[in-house]
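> Protein chains in written order, with this note's numbering: chain H, 1 to 130; chain Y, 1001 to 1133.
Derived by calculation from the structure, the hints in this document are not laboratory data.
Beta carbons are placed, not taken as given, at the ideal position from N, Cα and C, and that holds for glycine.
Certain hints may be false.
Covered stretches of chain Y, as calculated for chain H (at least 3 residues, CB under 8 Å) [unchecked claim]:
(1) 1078-1090
(2) 1119-1128
Pairs of lysine to any residue residues, derived as SDA-like cross-links and limited to a Cα-Cα distance of at most 25 Å, are as follows [unchecked claim]:
(3) Y:Lys1104 to H:Arg9
(4) H:Lys19 to H:Ile114
(5) Y:Lys1112 to Y:Val1093
(6) Y:Lys1128 to H:Trp49
(7) H:Lys19 to H:Phe100
(8) Y:Lys1128 to H:Ala32
(9) Y:Lys1128 to Y:Leu1049
(10) H:Lys19 to H:Val105
(11) Y:Lys1128 to H:Ser54
(12) Y:Lys1104 to H:Gly34
(13) Y:Lys1128 to H:Ala63
(14) Y:Lys1112 to Y:Thr1101
(15) H:Lys19 to H:His30
(16) Y:Lys1112 to H:Ser27
(17) Y:Lys1104 to Y:Trp1028
(18) H:Lys19 to H:Tyr106
(19) Y:Lys1112 to H:Ile39
(20) Y:Lys1112 to H:Tyr106
(21) Y:Lys1104 to H:His14
(22) Y:Lys1112 to Y:Thr1034
(23) Y:Lys1128 to Y:Pro1069
(24) Y:Lys1104 to H:Ser27
(25) Y:Lys1104 to Y:Ala1081
(26) H:Lys19 to Y:Val1093
(27) Y:Lys1104 to H:Ala63
(28) Y:Lys1112 to H:Ala36
(29) Y:Lys1104 to H:Ala32
(30) Y:Lys1112 to Y:Trp1028
(31) Y:Lys1128 to Y:Leu1076
(32) Y:Lys1112 to H:His14
(33) Y:Lys1104 to H:Gly40
(34) Y:Lys1112 to Y:Phe1045
(35) H:Lys19 to H:Gly99
(36) Y:Lys1104 to H:Thr41
(37) H:Lys19 to H:Ala32
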Amino acid sequence: MSISVKSQRPLSPHLSIYKPQLTSILSIMHRATGVALSIGTVLLALWFWSAAYSPDCFAWLTAQASGWFGRTLLLGWTAAFFYHLSNGIRHLLWDIGFGFTLPAVYRSGYTVLILTILMTGYIWCTALYS
Amino acid sequence: MQKHVSPLNHPLANARGKGAAKSGIGHWWLQRLTAIAMIPLALWFVYSLLSMITHGLSQIGVALWLQVPANALLSLLFMVALFWHAALGLQVVIEDYVSCTCIKFGLLVGTKLGAFFAAVATILAIVKLHFAA
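If we strip away everything but chain Y, and leave its shape as in the complex, we get (with noise of 0.2 Å):
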């Protein structure tokens, strides 16, 4: 079995490997590294959200802003990170609430593959909003 080596490991879970969850501190770490990420990012997208809505919100004007190639940059950075942490987020609060194995199986699989569907068609529009002519 390939151990997952790490100085936040506990000494002894490098030792004998990943732990009960079988995963190591994957999940735990990338949490954390979302949560990073998006403390810029996320008030970047706040104060942009918050000008075009002092400019007046408009499509014309949300297509106009994406055309900026670091404001579809900044953009596609953090809703990648957004969907990401939050579905590392609900996993957390499906395991922890739903005791039931069935429902449970069904809500992790359902929010992992809505957030990953929700992404892709996020980036679609963001690419196509930054390509339009």
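Same shape as in the complex, but just chain H (with noise of 0.2 Å):
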């Protein structure tokens, strides 16, 4: 087979003229907030070892963790660990067999959005005035 003939066929879903719905969406949004999370397993590693061997990279860290960019990050964390976590329940529960007509799929889509929104406030809010 020709490399033209390979790089002409048509790719799929034809991102271009694709109408997003939650279901997709929430979809993509399980995959990139994975990436983001493990992205951040490197810090807490990191937090880990500091908190070990090195008292003054640890206090680094906590000062970096009070900035704006820091708490900006810190909070999509947040959130995309709320978000994955109870996505990742959603998918549990589709493995065992629940759960799978479209309404059902439509209403535990709204739930894990409205959880990650209350748990991420309730976090910081926790963490910012208590």
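Since each chain sits alone in its own frame, please combine them into the complex, following the hints.
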């Protein structure tokens, strides 16, 4: 098979004319938050490592976490965490054959979004004002 | 060839062996297993972090927190499940979106080794803080 034939094959889904739905947006968001959280795990490892071997590095990390840039990142990771957690539970329920009808899929989808906002709000209100 | 027989496989897959991926349901199942483990572990970890933050986060505070056996044990379990789950998830994303075989291979090896490195480093740090007098 020549390369020109291969490169002319259509790609699916046709993203330029694809109408996004809640289901497809939530699906790709699960992957995106997963990748974002994976990057966060490196920082978490560094946090444990610095607590054990470098108090200076730990103090630097803590200082960064209270700046506006650090807080923006942490807010994003908090939201990504609660999204991936609640949508992950949604996936596990699908795996055991629960909630497969279209209305149920939309209901659980909106539930995931509301839970993410509520839990992220709860965590940040507690962290900032208690 | 050794057959990976499981009720989670398609009956035909049980009859024929491990399928096109050559690893049967291994990857899929471990992704779920680490996910289930992390539901309570991650909630506990976030709750612990939050209470440390509200009491003023410090290196000594973390050290004292990890001296408690239950905290060290649950932290180890959480971090191992976390890196394992992350490595399996990144593998799927890379396999799906990176078409160049050479870059794909590099990224797959890099993420697996990176996750392993970070996990072992974290275990060492937690163990060190736990046994520090």
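> Hint check: H:Lys19 vs Y:Val1093, CA-CA at most 25 Å. Holds or violated?
Given pair H:Lys19, Y:Val1093 holds - Cα atoms ~23 Å apart, limit 25 Å.
> For the stretch 1119-1128 of chain Y, do three or more residues have a beta carbon lying closer than 8 Å to a beta carbon of chain H?
Coverage by chain H holds here, the residue count being 7 at a Cβ distance below 8 Å.
> So if I understand the rule, the pair passes when the alpha-carbon distance is 25 Å or less; does Y:Lys1104 with H:Ala32 pass?
18 Å, holds
> Does the alpha-carbon distance linking Y:Lys1104 and H:Gly40 stay inside the 25 Å limit?
22 Å, holds
> With a cut-off of 25 Å on the C-alpha distance, tell me whether Y:Lys1104 and Y:Trp1028 pass.
20 Å, holds
> Can the restraint linking Y:Lys1128 and H:Ala32 be considered satisfied, given a maximum Cα separation of 25 Å?
At roughly 34 Å apart (the allowed maximum being 25 Å), H:Ala32 and Y:Lys1128 break the hint.
> Run the distance test for H:Lys19 versus H:Val105: straight-line Cα separation, threshold 25 Å.
18 Å, holds
> Going straight from one Cα to the other, do Y:Lys1112 and Y:Trp1028 come out at no more than 25 Å?
16 Å, holds
> Y:Lys1128 and H:Ala63: Cα distance at most 25 Å?
24 Å, holds
> Given the hinted pair Y:Lys1112 and Y:Thr1034, is their Cα-Cα distance within 25 Å?
Measuring from Cα to Cα gives roughly 16 Å; hence the hint holds.
> Is it true that the CA of Y:Lys1128 sits at most 25 Å from the CA of H:Trp49?
10 Å, holds
> Given the hinted pair Y:Lys1112 and Y:Phe1045, is their alpha-carbon gap at most 25 Å?
Distance ~24 Å between Y:Lys1112 and Y:Phe1045 Cα, so the pair holds.
Of the hints listed earlier, those the structure fails to meet are numbers 8, 20, 27 and 32, in rising order.
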